[in-house]
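J.: With the hints as extra help, turn the sequences into a complete structure.
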Amino acid sequence: MPRNRNIVNAQLMNTKSTPAPAGDLHPLAAKSMSGAEVIVQVLADEGVDVMFGYSGGAILPVYDAVFRYNATHPNDDGSEPLPLIVPANEQGAGFMAAGYARASGKVGVAVVTSGPGATNMVTPVRDSMADSIPMVVICGQVGVAAIGSDAFQEAPVSTIMGACAKHVFLVTDASVLEATLRTAFEIARSGRPGPVVVDVPKDVQNTALTFAGQGQLPIPGYRARLRNVQSAQLDDAGCASFFDALAQARRPLIYAGGGVIASGAAEALRDFVADFGLPVTTTLMGLGAFDTTDPLALHFLGMHGTAYANYAVEDCDFVLTLGARFDDRVAGVPDKFAPRAKFIAQVDIDPAEIGKVKAVDWHHIGDLRRTLERLREYGAAHGIHPRQDGRYAAWHAHIAELKRVHALNYDHDSELIQPYAVIEAINRITDGHAIISTGVGQHQMWAAQYFDYRAPRHWLSSGSMGTMGFGLPAAIGAQFARRDATVIDIDGDGSIRMNLGELETVTTYGLPVKIVLLNNRGDGMVRQWQKLFFKGRFASSDKSLHTKDFIKAVQADGFTWARRLERKEELADTIAEFLAFEGPAFLEVMIDPDAGVYPMVGPGMSYAQMITGDFIASRQRAAGDETLRNDMF
Amino acid sequence: MNAVTQHTLTIMLQNETGALVRVAGLFASRSYNIDSLNVAATADPAISKLVLSIRGDDQAVVQIVRQTRKLIDVLEVSHQATAD
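Chains as they are written, first to last, in our numbering: chain A, -16 to 616; chain B, 24 to 107.
Derived by calculation from the structure, the hints in this document are not laboratory data.
It cannot be assumed that every hint is accurate.
Some residues of chain B that are not near chain A, with every Cβ distance over 12 Å (derived) [what the hints assert, rightly or not]: (1) 57; (2) 58; (3) 90.
Think about it this way: if two alpha-carbon atoms lie no more than 25 Å apart in a straight line, the pair counts; the simulated SDA-like pairs of lysine to any residue are [stated by the list, open to error]: (4) B:93 <-> A:29; (5) B:93 <-> A:139; (6) A:341 <-> B:27; (7) A:339 <-> B:29; (8) A:339 <-> B:62; (9) A:14 <-> A:27; (10) B:72 <-> A:206; (11) A:341 <-> B:72; (12) A:319 <-> B:86; (13) B:93 <-> A:209; (14) B:93 <-> A:312; (15) B:93 <-> A:102; (16) A:339 <-> B:64; (17) A:551 <-> A:398; (18) A:341 <-> B:49; (19) A:339 <-> B:85; (20) B:93 <-> A:213; (21) B:93 <-> A:14.
Positions of the beta carbon are idealized from the N, C-alpha and C atoms, including for glycine.
T.: Written as structure tokens, this is what we have:
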């Protein structure tokens, strides 16, 4: 281990506020405001156009300031500039903010009260951290003097959130409230994005302050590291060693993750592939980073990824990892991931992801979009054009054959409605342009597999945390981000029940959200695992969801279009009518309760051991086939 | 080469509410056991100096150093390996 004793850098250690730079003064600079008014003004300055939250004692000053701001600053059409959308539960507000952020790329904002309001927000905060989603959560807190006294609705939010968020601020000094809020947005959206929690005691909200209109907290360590990463330019030697390795490869593959979407690098990736001809598989989080309908697209890889993507990973001899982290759902057995790859390259903005799970041969820590553009420039300048040279012709033919032979498939002859057919029917109409949110479980995987994703930010799903109940509130948030888009929540009966109260939020705000409930009467993914790994002992999964009448439930919440589909022959017409309805609509589809998710790479299995089920061709079964010899590579 | 040895990390930390808890919590949540921890004030009241020791192989220590550098109020992390 090399000794690495850093010399303390005087500039880095400067934690004192820097004097505000001379420049355009904020029109409200020097105005007297309460802490709550300062919060609302900073939100407005940061471009926030919707907030999600539930009120309560310790946040009431902020809510009142929002009310007054909206009353005095109406938009030209009379609407509120800062609408505050009220969920049934704070967890719903958190996932609405996350759905808004995922669909727009902007920072999602939630504002909740102290104690239970804040603790209900823990799950969305951790979920957003795990999926690198930018969010600012403002929590009310008991007064500064009451902190630590077990006061009414008190919770140690900075301690709890500190363990789950990118950062948490507890503002006990009202004079830094304004700078803290602004800094929270900076941290949430910069570098690897994530959620930032600002805990604001009620007396701080009520403190009389003077608005500065500018200024941030000194966070010299974070900013210095961020500057290093953002300014990191891949040098000629780095480009050269990358292309030298690529020149040795015959079967290169790109493995692209959510980082491509977070960094706005999808277009750069498309151009890179156009130039160099590397096929692309994405992670679940990366769906939409590369048009899944492209001939070189392999859809997504991993535990329930397409068989052809997983086989391509088995076959490739070079991997370019872009904003992905060899998560256990992708590389369950890291040593056996891409076993024939002689060279693995990785680009990420987070230094901690380099080599965390799997050692790589080449890496660059920096912005993805700029790195891809830099590689393209270098390739162009040095006459590197393997695609035009036909260098990968055999590999491309192999990829096309994998996609043909090992395509997703299911039981088309069953009398029962197959969930895959439902997704396909919707996809035929939406054509990869709808925004899809999901809960967690089988329906989530089916939605990932059977929809086309032509562009980033159309796939909203709790990837890392796997939070059931995500789909409905995320769809609500997404609809606020993309008011004209078709937003569809593909949900399961177990998942939707977790945040069922948000049905009423859809109708309260008149959102044209479409909800598809794939009902298999129980927790299908749990049953699938119990069948495979617990000899069919359905512990707990056979107990609930047998009696619930979802149609009555949604009608009670004001859905006028609510229908249960039980007959296969009515599928196409019903879905067309459902999607054509202008307002909120709810379609429950009673699906084959035994429908499974395939392919499946079980925990601890390599891709070679993937189970493909009864309807997708497996290589193991076709092992004798001359065209798919094992010694092909 | 990949042996478990004692490592000493020196962390310069902005003296913010909860900053120490975030450092300790990071080590705990990533399954690193802190063998010793010393926190001291510095000439600058806004900065604390943490010296902590952990056991781990090189890769584990590199990983926790990188994770520590992701904490917002961490100014610097330096690290010396100490042979047992």
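J.: Next step is simple, just say for each hint if it's right about the structure.
T.: Going down the list of hints, with the structure as the test:
| no. | hint | in the structure |
| --- | --- | --- |
| 1 | 57 | holds (16 Å) |
| 2 | 58 | holds (17 Å) |
| 3 | 90 | violated (5 Å) |
| 4 | B:93 <-> A:29 | holds (24 Å) |
| 5 | B:93 <-> A:139 | holds (22 Å) |
| 6 | A:341 <-> B:27 | holds (19 Å) |
| 7 | A:339 <-> B:29 | holds (20 Å) |
| 8 | A:339 <-> B:62 | violated (29 Å) |
| 9 | A:14 <-> A:27 | holds (16 Å) |
| 10 | B:72 <-> A:206 | holds (19 Å) |
| 11 | A:341 <-> B:72 | violated (33 Å) |
| 12 | A:319 <-> B:86 | holds (22 Å) |
| 13 | B:93 <-> A:209 | holds (10 Å) |
| 14 | B:93 <-> A:312 | holds (24 Å) |
| 15 | B:93 <-> A:102 | holds (24 Å) |
| 16 | A:339 <-> B:64 | violated (33 Å) |
| 17 | A:551 <-> A:398 | holds (7 Å) |
| 18 | A:341 <-> B:49 | holds (22 Å) |
| 19 | A:339 <-> B:85 | holds (9 Å) |
| 20 | B:93 <-> A:213 | holds (15 Å) |
| 21 | B:93 <-> A:14 | violated (36 Å) |
The structure fails hints 3, 8, 11, 16, 21 (numbered hints given earlier, in ascending order).
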